[in-house]
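Please work from the sequences and hints to get the whole structure.
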Amino acid sequence: MSIISLIIKREFVAKVRNKSFIVMTFLSPLLFVGIAAFVGYLSSMKADTKRVAIHDETGLFVNEFLTLNKKNSEYKYYDLSPIDVKFLKDSITNENFEGLLYIPRVSNDKDLENKIQFISNESPSISFIENVQVIIAKKLTKDNFEKAKLDTLAIKNAQAKVNISLAKASGEQSLKGLNEIKIAIGGAFGYLIMMFIIIYGNMVMRSVIEEKTNRIVEIIISSVKPFQLMMGKIIGTSLAGLLQFFIWAILGLAFMFAASAFLGIDASPTAKIPPDVVLAAHQEFAGTAQMYIKELWGLPIATILISFVIYFIGGYFLYSSFYASIGAAVDNETDSQQFLLPIIMPLVLAVYIGFFTVINDPHGTVATVFSMIPLTSPIVMLMRIPFGVPWWQLAISITLLFGTFFFVVWFAAKIYRVGILMYGKKPTWRELYKWLKY
Amino acid sequence: MGNILEVKNVVKKYGDYVALNEVSLTVPKGSIYGLLGPNGAGKTSLIRIINQITMPDSGEIILDGEKLSAKHIQHIGYLPEERGLYKSMKVGEQCLYLAQMKGLSKAEAKKQLEYWFERLGIQGWWNKKIQELSKGMAQKVQFVVCVLHKPKLLIFDEPFSGFDPVNANIIKDEILELRNQGSTIIFSTHRMESVEELCDHIALIHKSNKLIEGKLDDIKRKFRTNSFEVGILSDNIEGLMYDITQKFKVGQTNFKSLNNELKLEIQLGNAMPNELLNVLTQRGQVTHFMEKIPSVTDIFIQAVSQ
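Going down the list, the protein sequences come from chains A and B.
Once you know that position 61 of the first sequence is 61 in the working numbering, the rest is easy, because the numbers rise by one and skip nothing.
Once you know that position 105 of the second sequence is 105 in the working numbering, the rest is easy, because the numbers rise by one and skip nothing.
No lab work stands behind these hints, which were simulated from the structure alone.
Check each hint, because a few of them may be wrong.
Simulated crosslink set (DMTMM-like; lysine to aspartate or glutamate; CA at most 25 Å straight-line) [what the hints assert, rightly or not]:
| hint | chain 1 | residue 1 | chain 2 | residue 2 |
| --- | --- | --- | --- | --- |
| 1 | B | K207 | B | E93 |
| 2 | A | K156 | A | E113 |
| 3 | B | K87 | A | E113 |
| 4 | A | K414 | B | E60 |
| 5 | A | K9 | B | E93 |
As structure tokens, then:
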């Protein structure tokens, strides 16, 4: 067995056997699913019916609300117009009302627009208030139309509704909202790379520091070249990480099957809603969903996946070489902070650019430039790819990434070589520069 | 017998600091060679170069007649001053891993390990983690790792630090046994007295330069001062002292004895020991008469001052 594969194997086994790896691998998906299930459970719980008292002195609106009671709504309205307002105000809490909708008598209907009050002890939800506003406004508008003797039907017919559909020059139709899906896909991959770099880069660094503080490093590099040790470490650790992702993917699929089976049973209550409504909604939904799915298949999936792997390897190796040389330069993790900041910054920057710039203008100057710069390209370019990137840009970006990677590995190996045998002093940037010349 | 190791004009600089200045050494096959000098003299730098951990800026290293290269790694066993092993790895696995790095096949490594574990009485440790062992126990494991690939050249940096006297003796005997089987041993230490009795060759290193190198006996002969320690029981001390000081330089000295005699250190200059003895026997009963052999520390101090 060649020496480097020996090192890779040891690093891999050491990582995988580590208790925290096992716990992380199996517990975090459980935790994730658990939290998701808990949130789902909470939101599926039927909220308590909230009782709302209405004191409508105009008598115009109370019926609008009472008809709502027929629907299975969260709010139940009670017409308490005959009861004195003052008394109501005092007793809403005692009587277990959520609040009191007070519509005062006014001489001019116009005054209603800002005379209506909702009285409650706790501030009501915004959506509820908006809903109430819409109901009252609708009724008022309708009454206004009738007072002005306008033909409501004619007005309804006269109202124009515009829906701009998106299309590419090649003739394919696009859907609105697809950009969000595209950025979600690109973003997910980009974010995955960032997380992987930070988690496993740190692991590489810790493993280097461990060897240094154990003092075993001198024995090892009397047998192998520091470069071999560094590469073995990076590759071995990344394999452990890939295994972890692989397990997560399998677990994820299993959970998805389980969840869909579970949801299939849960979907039955919708049958209570009148069938024609469901059918109409369903058809509309199905139509849109089909178009979305068609669009998704139209995305350059092969390109996305292949470039994910390429950028993943390039980005991870680039950054973990940095991490390895930092680990070699310091004696303990605390000292590593000052050197870690410049590494984390471009990663965070890349994610920000991805989520703020790329989504607005995927082919703008900023997005294009940062998808070329090797430190940010793995994340930014992956976010751009779903929007379609010219192949020459991809080629330049990948060439730059791997060119920088080889340069950085050379540079990191030098610092690593000197650093692993240096003990006791916290190095400065100037010292690191000096090490390059040893 | 040829030389196992030749170091020729090796220079090593760290930035502006010169760690080794044109250092040359010759280590004969089968010798026990002491690389001696105070802390910071450049011993570890030299050892790291021999182990190919770092490269010299200039100069060359010849191992067993060939220019040092990567394939020689398996012929060298190295016990660094700073000892350490993977704390959470099992002893057996760890030794196998390190042996394979030295080029042994897994089967061969296992065979050797079983031999050594039995020899040192540590068979039961195979599945223990290093963190469960005491420091001295871990050092035994490290010793095994260092010797198990049967290297031609063994380098021990501060070999006996950290061992209790019993284990230090066990290790010392094992090292001598390895020498008898044909290995060459290099001891590097700043505690010069600790290896004096073991070494047959030494080199003194001081401030990046080699001061002296050669057979220990030759060096001692060269640095002898023709001084003798004398113990004498005499009734007439004044007369005795008068006679001696006429011919020789006399100083006070001390050595262990059971008599209440006069203890002197006498420098003979160009005279022969018998001349002194003649004077002494006329004046009293000689209880002790021994040439004062310079210790390595004495030699070092003298060499530095020259």
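Hints, verified against the model:
1. B:K207 <-> B:E93: Status violated; Cα separation ~41 Å.
2. A:K156 <-> A:E113: holds (22 Å)
3. B:K87 <-> A:E113: Violated - the C-alpha atoms of E113 (chain A) and K87 (chain B) are around 76 Å apart, more than 25 Å.
4. A:K414 <-> B:E60: Within the cut-off at roughly 22 Å; holds.
5. A:K9 <-> B:E93: holds (12 Å)
Hint violations for this structure: numbers 1, 3, all remaining hints satisfied.
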